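Respectively, the protein sequence lines represent chains A and B.
Using our numbering, the first residue of the first sequence is number 1, and each one after it goes up by one.
Using our numbering, the first residue of the second sequence is number 1, and each one after it goes up by one.
These are computed hints drawn from the structure, not numbers from a lab.
The list that follows gives simulated cross-link-like pairs (lysine to any residue, SDA-like), each with its CA atoms no further than 20 Å apart:
hint	chain 1	residue 1	chain 2	residue 2
1	A	Lys300	B	Pro61
2	A	Lys300	B	Ser41
3	A	Lys300	B	Thr60
4	A	Lys651	B	Ala139
5	A	Lys256	B	Asp16
6	B	Lys84	A	Ser210
7	B	Lys84	A	Pro217
8	A	Lys300	B	Asp16
9	A	Lys442	B	Ile28
10	B	Lys84	A	Ser212
11	A	Lys208	B	Leu87
12	B	Lys63	A	Ala262
13	A	Lys651	B	Asp117
14	A	Lys300	B	Asp18
15	A	Lys651	B	Ser125
16	A	Lys300	B	Pro17
17	B	Lys84	A	Glu209
18	B	Lys84	A	Ser100
19	A	Lys651	B	Gln118
Beyond 10 Å from chain B on every Cβ pair, some chain A residues (computed):
hint	residue
20	Gly68
21	Arg149
22	Arg171
23	Ala181
24	Pro233
25	Lys256
26	Glu358
27	Gly441
28	Ile471
29	Gly472
30	Met615
Since the model is a prediction, treat every value here as computed from it, not as a measurement.
Idealized CB from N, CA, C, for every residue including glycine.
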Amino acid sequence: MNLIENASRNRQHRPSQPVSRRGFLQTALAGGAFVLSVRFIPQPLFAAEGEAAPAFDPSLWLSIASDGTVTIVAHRSEMGCGSRTALPLIVADELDADWSKVKIDQAIGDPKYGEQDTDGSHSVRSNFDLMRRVGATGRVMLISAAAARWSVPQAECATEPHFVVHRASGRKLGYGDLATAAAKLPVPREENLPLPLKKRSEWRYIGKESNSLFDLPEIVTGQAIFGMDATMPGMVFASVEHPPVLGQKIKSYDDKATLQVAGVQRTLTIDTFKPPHQFQPLGGVAVIADNTWAAFKGRKSLKIEWESSPHSVYNSAPFRKTLEATSREPGKVVRNVGDVDAAFAQSGQSGGKIIEAEFYSPHLAHVSMEPPVAVAEYRDGKVLAWAPTQNPQAVQETIAAVLGIKKEDVTCHVTLLGGGFGRKSKPDQVAEAAVLSKQLGKPVKVVWSREDDIHFDFFHSVAAMYMKAAIGPNGKPTAWLQRTVYPPINSTFDASAKYADDEMGLGWNNLPFDIPNHRAENGPADYHVRIGWLRSVANIYHAFAIHSFADELAHNAKRDSVEYLLDLIGPPRIVKLDLTGDEAEDAKTFPLETARLRRVVEIAAEKSGWGKKPMGKGRALGIAAHRSFLTYVASVVEVEVDSRGQVHIPKVWAVVDAGTIVSPDNVRNQFEGAAVFGTSLALFGEITATNGVIDQSNFNNFQVARMNRAPRHVEVTIVKSEAPPAGVGEPGVPPFAPALCNAIFAATGKRVRELPLSKTKLV
Amino acid sequence: MIRFKVNGQDKTFDGDPDMPLLWYLRDIAQLTGTKFGCGMSLCGACTVHRNGAAIRSCVTPVKGVSGTEITTIEGIAPMHPVQKAWLEIRVPQCGYCQTGQIMQAIALLKENKNPSDQDIDVAMSGNICRCGTYQRIRAAIHEAAEHQAAKGTA
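Between the sequences and the hints, there should be enough to build the whole structure, so can you do that?
Here it is, written out as structure tokens:
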């Protein structure tokens, strides 16, 4: 399963790109993929198998029919972040297309589209330039066709939405009328023709308030097709009883009672994976039935004996102690500035103040509203799957590896995702459907219950952080040591992995503070459950520790939190980081600019009336500012702690500098949602294990914020910027919890050192 | 044989009478706008109307709807003022829970033409949105209430 490993590592902080952005288009051109031809385009879900339509097809991405319909391929999944709309909008803008005549065609998984993993908040960032060039190429070809038709120089032609116009003669031709002629032209090669990209001032869609999600009408009428809604003719339904502890195998099982349940057809087994688990099925007993309910009901009377697993030693309370003990010992150094040890020693000799603090945050589950689900059919050595997946190529790779077939013999169609948050970049349930279909000889729909989803997640990691600072004049640290310890995501790909090397860029080795002596370390930890990416990933606990500690130092210095934070960030500069590989490459386009971080802090303070309004008893503001996924965010949270110690959040101010924005209203929606996501993890989120079995099961014991506990109002301010586009799906999450906890300290004097808040008595 | 109506059409069902209405609607009637989220009446994604009142179809057995009239999102004539408000406010992110939210909101507005924030909180806190669109849901319900009021006085 090396393919999966290669495709899956390093992605969250830096998506791997099989080919460079620039190289991709050239390769495609050279390789003939960017040719004009009549071809099949991936058909919309459940449409009759397509008939070839004569189409102007300047690329993998774009076709124009003679009726003027422009079809743009979305190669990124839609899980609520807007990628499926944003990328085609960029193409349409440069094509100068009329958006009302655009259809979006969801791509299957195929390396010809490059990397397709919708995660790491990078869909727009990684594809902005490419999508612009795709659209511009189409526009150049349409202009060429019109110029030839009119026998005028191309330079005299221009476009307005869906038309090429020749102003001198007042003539115009629609894109549909030009499609057939344009289809006969050679694709302009970039080296011969610098593509005339629009000026910012000419953009019709990019950055405009009017943009809304393409699928909105279908969503509000119940017509949108999610993975849960996918069907195949003749399919059966399956529900899988997984091993309660990771890695357990079936010793024996009795399905007599199960087979008596009306609608149950039979049971089948799925082999337990061989470590590392990667994205393979967990194993277990599948109940095959006529409908979902019969499969669920039949499962309840299965009797299964499981073999033992080394992971049955997993108990959350002692594991926490182990993590914390490790965090007090020296770890692997992941960033070193100045000489922390000398500075601490000097501070000790001169009677300076040392402050230490420890922070802890538990496992979290994703609980996207749509539990894992998939339909797959195995036939003649090939697999056809429909799945709500963030990563259709990982579906191909996983199924190919599990069934021993070729990746190109797995076709994965992507439905809408009922939430993803990182869970749906792992396609284990799709592989289950394929494995069962192979055994049954018919299409199988695998449906996970909410209990399955919570018990068998790829969990957000449990983490312990140790912080230490030597306090200098004016209360500012002269030395700052930070240690983080948690089971790494790499354990999903390498059972011996103990260090979170690939996750250090997630808010740990890139602290943008102006401190002369600074060291960041990472200690080792074992895994006992599957660990995975969850919206903003390690940034969550890293930001919690760093920004809670910063606020603690501000209080110690008897200084205002905002003023102190700005002092910590220091003067406007580019923070020099010793980065390698993709991170170093990113840093060229996206240097860490403290001026931008300062600005979001200053705007957040201004918008929230920081320090300017009387707050009353039990009410206060807190702030944190964190850069993640190359986006700068400051959060100010207003909190009210009532006489029973219950936390209310009347208002949140989120200020975001994500560079160039495609759809501002969608960005606001993402940051509003991030505040709610942050509230869930701060107030309630906790997954624990007893003897290797997860204790929580549904929304009653793994709670998320409902309307009555969510922030009453989130005000999002987008900083105007012409910088390259950065991420928006995740960066709103990390600063939220520390800002909330800092507000709680200001309101109650109680410093929160562990999440969720329900662990700390506030009154 | 259990008899009931779904979106105005007569239905009969002679399968497992304990089957939750949700799975009847989704797997047998092929009405997939009603969503599965928890199976325990904890999240509201499966909300439909029984004789006009919001119920959780995931814990309502088919035998419990005998002789009643069920309305699903597919039975709401688009665009209902609530759906229009959802579009105007651009509420959805992933959209999976939104049909349940909309069915709950329609039921609320039937009973309370001009709900306060507090009323909306009480009525809507059984419906989880993991994407966190609550403030837009609240705004859209106010918007729909205003639309309906304007229509009523016109």
